[in-house]
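Here are the chains, one letter per residue:
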Amino acid sequence: MAELNVLGFHAGSSVLHQLDVRFKLMFLVVISLSSLKAFVPSLSLLTLVLMVALIHAGLPLKMALKDLRYVFLLLLFMFIARSLSVPGSSVVEFKTVSVTREGLYEGAIVCWRLVIVIMTGLSFVLTTRSSEIKAAVEWMLKPFPSIPAKRIATMMSLIVRFIPIIFEQAKKTGDAQRARGVENRKNPVYRLKMFSIPLIRRIFERADKLVLAMEARCYSENRTDSLLSSGVRDWIALVGVVCLCLIIIL
Amino acid sequence: MNEKGLSNIGSSTSLRMTVYASLMAALTAAGAYLAIPIGPVPIVLQNLFIFLSGLLLGSGWGTASVGVYLLAGFLGLPVFAGGVGGIGRFAGPTGGYLLGFLPAVCVIGFISNVSKTNVVRDLLAMVCGSLIIYACGLSWLKILTGMTLGKTLAVGMYPFLPGDALKMAAAVPIAKALRPVINRE
Numbered sequence: 001m002a003e004l005n006v007l008g009f010h011a012g013s014s015v016l017h018q019l020d021v022r023f024k025l026m027f028l029v030v031i032s033l034s035s036l037k038a039f040v041p042s043l044s045l046l047t048l049v050l051m052v053a054l055i056h057a058g059l060p061l062k063m064a065l066k067d068l069r070y071v072f073l074l075l076l077f078m079f080i081a082r083s084l085s086v087p088g089s090s091v092v093e094f095k096t097v098s099v100t101r102e103g104l105y106e107g108a109i110v111c112w113r114l115v116i117v118i119m120t121g122l123s124f125v126l127t128t129r130s131s132e133i134k135a136a137v138e139w140m141l142k143p144f145p146s147i148p149a150k151r152i153a154t155m156m157s158l159i160v161r162f163i164p165i166i167f168e169q170a171k172k173t174g175d176a177q178r179a180r181g182v183e184n185r186k187n188p189v190y191r192l193k194m195f196s197i198p199l200i201r202r203i204f205e206r207a208d209k210l211v212l213a214m215e216a217r218c219y220s221e222n223r224t225d226s227l228l229s230s231g232v233r234d235w236i237a238l239v240g241v242v243c244l245c246l247i248i249i250l
Numbered sequence: 001m002n003e004k005g006l007s008n009i010g011s012s013t014s015l016r017m018t019v020y021a022s023l024m025a026a027l028t029a030a031g032a033y034l035a036i037p038i039g040p041v042p043i044v045l046q047n048l049f050i051f052l053s054g055l056l057l058g059s060g061w062g063t064a065s066v067g068v069y070l071l072a073g074f075l076g077l078p079v080f081a082g083g084v085g086g087i088g089r090f091a092g093p094t095g096g097y098l099l100g101f102l103p104a105v106c107v108i109g110f111i112s113n114v115s116k117t118n119v120v121r122d123l124l125a126m127v128c129g130s131l132i133i134y135a136c137g138l139s140w141l142k143i144l145t146g147m148t149l150g151k152t153l154a155v156g157m158y159p160f161l162p163g164d165a166l167k168m169a170a171a172v173p174i175a176k177a178l179r180p181v182i183n184r185e
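Keeping their order, the protein sequence lines are chains A and B. Reminder that position 51 of the first sequence reads as 51 in this note's numbering, one-by-one numbering, no gaps. Reminder that position 91 of the second sequence reads as 91 in this note's numbering, one-by-one numbering, no gaps.
Rather than coming from a laboratory, the hints here were simulated on the basis of the structure. A virtual CB, placed ideally from N, CA and C, is assigned to each residue, including glycine. Incorrect hints may have been included.
Said to hold, decoys possible - Okay, the calculated bits of chain B under chain A, using three or more residues with CB under 8 Å as the criterion:
(1) 12-24
(2) 123-131
Stated by the list, open to error - When the alpha-carbon atoms are kept at most 20 Å apart in a straight line, the in silico SDA-like pairs for lysine to any residue are as follows:
(3) A:K193 <-> B:D164
(4) A:K172 <-> B:I36
(5) A:K193 <-> B:I36
(6) B:K176 <-> A:P198
(7) A:K142 <-> A:M26
(8) B:K142 <-> A:F77
(9) B:K176 <-> B:I111
(10) B:K151 <-> A:P87
(11) B:K142 <-> B:T94
(12) A:K66 <-> B:A154
(13) A:K193 <-> A:I203
(14) A:K171 <-> A:F204
(15) B:K151 <-> A:L84
(16) B:K176 <-> A:L84
(17) B:K176 <-> B:V127
(18) A:K142 <-> A:D20
(19) A:K193 <-> B:L123
(20) A:K193 <-> A:E168
(21) A:K66 <-> B:Y33
(22) B:K142 <-> A:L36
(23) A:K193 <-> A:E205
(24) A:K172 <-> A:V182
(25) B:K151 <-> B:L138
(26) B:K142 <-> A:R113
(27) A:K171 <-> A:R206
(28) A:K193 <-> B:K176
(29) B:K151 <-> A:E106
(30) A:K172 <-> A:R191
(31) B:K142 <-> A:K171
(32) A:K186 <-> A:D175
(33) A:K193 <-> A:F167
(34) A:K186 <-> A:A176
(35) A:K142 <-> A:F77
(36) A:K193 <-> B:V114
(37) A:K37 <-> B:F90
(38) A:K66 <-> A:L76
(39) B:K142 <-> B:L123
(40) A:K193 <-> B:L161
All chains should be built: construct the whole structure from the sequences, respecting the hints.
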């Protein structure tokens, strides 16, 4: 469970924390999209801006980077794949494979862009409460008539709420089966079956209790909306981000 | 205020299916971390739960379940493997597989029959679903890494096929055992 908790909200009082969540979501999308068009100079600029913002917000970057090591492994793999597959003048040659200058450059650019996108997402996740995200979802989906915004927001809260319960139940199920010597059974289909059926059945039994509890408390979608407020600060930030993105694209 | 919403969720079945769909989404999120250690490579349960979303909830609620899961991840809630969510994960090398879950579950639910177990139909549904997931995942991986088709297949598909076959074989009896629990009417 620890893996899922580290990259959650971290309290703070920086500009990033205080901006309206709707604006932050918009920034996230705009910056991510424009970074896909960026090259070395604009990428350096973006990295600089991001670094300043992240350090200013006082986020636990070391912990976050440690948590992301699996993602960086994937990026490394992509870098190697790119550097081997793009044709051009070779730098190192080994039998049939050759590392090309163009490949190295392109691989580095693609990986750099993805790191920017990931770091932007990280700064959003670390400075925003999940209840705020939920409220923003409700707000954004409201204009679409056929989408039940409140139900989706409820479902998202339920997901976050249920993940720890599932881990707990999975551990109990695994322990119980080890105690009964399930490791002597080598048939993987049997093991999958015997692990999943009790796990899912128990989780759904809990869900039934939850439904009863919700009905007993007169749950309906006719609820008071969460409060979201935007101020001058948000609009200034919006202008800043739009300028930044225009510089990147042009 | 919003009478339509009120009447929609007023019936108990609708609320129950909403909670069940959220639960399948939570299971999908947890499934990235749950693995059964057999042999050298542990079998990760995420695809199994994707298959089961389609088989147990049907086309509509299954798609809703996976859609909300992806939306939650897209907005940065910590539901994807590796911890961090956000747009970054869709742009990353595994993003295509994640997006492929959505049409895959829709098709699995469509082909299989939620209320009655039919082994052939269930298997066919899962094979089609897997094909869709791989089609989305591999094409995105190929665009991103610039590898040839053969290499992309060797990296992004062949190593996972034995595990997928095992999961499909397991999903049929699991779905059979759990369908009565979920569709009680």
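If you check each hint against the structure, which ones fail? Violated: hints 2, 12, 16, 31, 35 and 39.
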